[in-house]
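**Q** Residues per chain, in single letters:
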Amino acid sequence: MNGMLVLNAWSADFQKQGRMLKGFLSERTRGLKITGAVLFCGERPDRAELLRRVPAPAAVLISLPDPPSAETVVRELAAVWRENPAEVLLFPGNHFGTEAAARLGRRCGGAALLSAESLDCESDPATAAKEVYGGHMKAEFELRKTPRCLSVSRSCPEEETENGRPAELLAVRAARENGENDFLTDLEWTAETGGKSLENAPFLLVAGRGAGGREGIALLESAARKFGAELGVSRPVAMSAWVPMNRLIGVSGAMAKPDLCLAVGVSGAPALYAGIEKSKYIVSINSDPHAPIHRKADVAVVDDWRRVLPGLCEKFVKRSL
Amino acid sequence: MRLLNLFFVVPDLEVLSERDWTCGPDLKVNTAFAPPDWNGFDESALELSLRVSDPPEALSGVQRCALTVGGPSCEPFLKTLAALQFDELIRVEPGDADLRFCPEAAARIVKAVAETKFRPDFILTGTREQISESACVPQVTAELLGWPCLTQVMDLHAAGRNRLRVVCAEDGGVSARIVSAPCVLGVGNAPGAYLRVPTLKDKIKYGKKAVTRMTLSDFPETEKPLADPDVRLRSLTRIRKERAGVILDAPSPEEKAEILWERYLEGRVRRG
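Residue numbers (my numbering), protein chains in the order written: chain A, 1 to 321; chain B, 1 to 272.
Source of the hints: derived by calculation from the structure; they are not laboratory data.
C-beta atoms are modelled at their ideal positions from N, C-alpha and C, and glycine is treated no differently.
Wrong hints could be hidden among the right ones.
Stated by the list, open to error - Straight-line distance between alpha carbons at most 27 Å, and here's what the computed DSS-like set of lysine-lysine pairs gives:
1) B:K241 / A:K257
2) A:K315 / A:K257
3) B:K205 / A:K138
4) B:K241 / A:K280
5) A:K138 / B:K241
6) A:K16 / B:K28
7) B:K28 / A:K145
8) A:K145 / B:K224
9) A:K138 / B:K224
10) A:K16 / A:K315
Unchecked claim - A few chain A positions that, by computed beta-carbon distances, are all more than 12 Å from chain B:
11) L170
12) E188
13) A218
Go ahead and model the full structure; you've got the sequences and the hints to work with.
**A** And the structure:
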């Protein structure tokens, strides 16, 4: 089955998109041959650099004067697909990919599946798997219409892209907005700062609802500083606005891969665990002996974190003196 | 301004024990005993809908319709929304139909209600639903209606007649924009957007508002996607992600900290 990749070079995570797609292609697909890629980019991109990062043999660049909206992306992709009807369109698992895959699937009369964990094009019909029921179950789905538009799960393995051969440039299309964005007036853009530090942190302290409130979070922030760790939080903590949303860990936040993760007052719900499962070593501290996080940790401390952490902090401080 | 909210009532999956995670040939997990709750993202969408009438930008004359697809367990949730002064309440009874993995069916219901019953300026719903995790309903609804769509909405406020100031998470940052009607808004991580609690006075005054009850037969356009879906569930299997889970045993938390450090952490932690 032939497939095409779709990436957004306007986004700061462009290189990560390439790694995500290459990892998915290497480890999570069967029977899929990628024949090309579509890249959204600015009007004067470093073409050599872009083509080096695309895990496909050939690429079409769609250049725009401004970052593309979903409306423009879907319109352009639908036009490309009609000219070159690939059976599978594979998108990265970021906001760009999840929004465009769902809309393109519907617009082109195909099948869309978001956050795919794997894709099997050798079965008939092609199937893809993803996590459902809040991450407790894995579902396998038949993809019964073409094009099959999938975004890959952010928890899939990543693979470096710069070692491969650069993609051949097939064409450059200059695109323009065509009134489809008249419903929008831009006011303000704030660049993200926190998420990246969480994803690259070697040591992470993750706080859950067991933190108890703003005062508990302040104590955990202080402990994280003493440990030299980054502080991440579960969705209930971020939703309660005890910390900024860019500290969120899990399926709707950062996907971390630290050497060491201290999970404090965390229940172990799959949505949060997805964000720390790539940790080399996990320690859980939770007073509830039945909390699932204890089974998902390497070492578990069943106790009140408020009485365990001070002793640990002391050891860390002594070691760094 | 007219706002249509689609929301789902979902079982609290965290109360299920390990042995509850099984399914039979019908590929269904029995969650009937789990207490029902708002789908978290839909709850935020409902709260954001109410904020359009909050000062300082408060817009008067806002009409709200809450639409859900589900059984009688949705009724108490609709009563809460009645007390919060949602103007119209609609429950679509799915009967025996399995809508879990068919986002198109939900989107077609929204489209039909939008075109024939309520005629909204904006449609709000959560970006994700807890059971299917399809994350497709806002986008598919927008495509069916031919409307634009924004997802990952974090906050919104009134910005004049038929316009909203919408804050969205995007790759690499956060955008704030003025959005003109019509538009579908998929609400994502919206900090501090838990649904407000109605006052007792409002519960008494508004809580008994009539709910319009419909069935899937009122939406014939759902027949095809349910009978012949683009994406069909083939199997469900339990996910297990477990590690050694060594329980650290000591008489006091202070001693546990000591053992944790000496046996498990000291060698792993980089010198500060």
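**Q** Now tell me, hint by hint, if it's right for this structure.
**A** Hint by hint, here is what the structure shows:
1. B:K241 / A:K257: holds (15 Å)
2. A:K315 / A:K257: holds (24 Å)
3. B:K205 / A:K138: violated (45 Å)
4. B:K241 / A:K280: Measuring from Cα to Cα gives roughly 14 Å; hence the hint holds.
5. A:K138 / B:K241: Status holds; Cα separation ~12 Å.
6. A:K16 / B:K28: violated (36 Å)
7. B:K28 / A:K145: Since the Cα atoms of B:K28 and A:K145 sit roughly 24 Å apart, the hinted pair holds (cutoff 27 Å).
8. A:K145 / B:K224: With a Cα-Cα distance of about 14 Å, the restraint between A:K145 and B:K224 holds, given a limit of 27 Å.
9. A:K138 / B:K224: holds (26 Å)
10. A:K16 / A:K315: Between A:K16 and A:K315 the Cα gap is close to 37 Å, so the pair fails against 27 Å, i.e. violated.
11. L170: Fine: 25 Å to the nearest Cβ keeps A:L170 off the interface.
12. E188: violated (4 Å)
13. A218: holds (17 Å)
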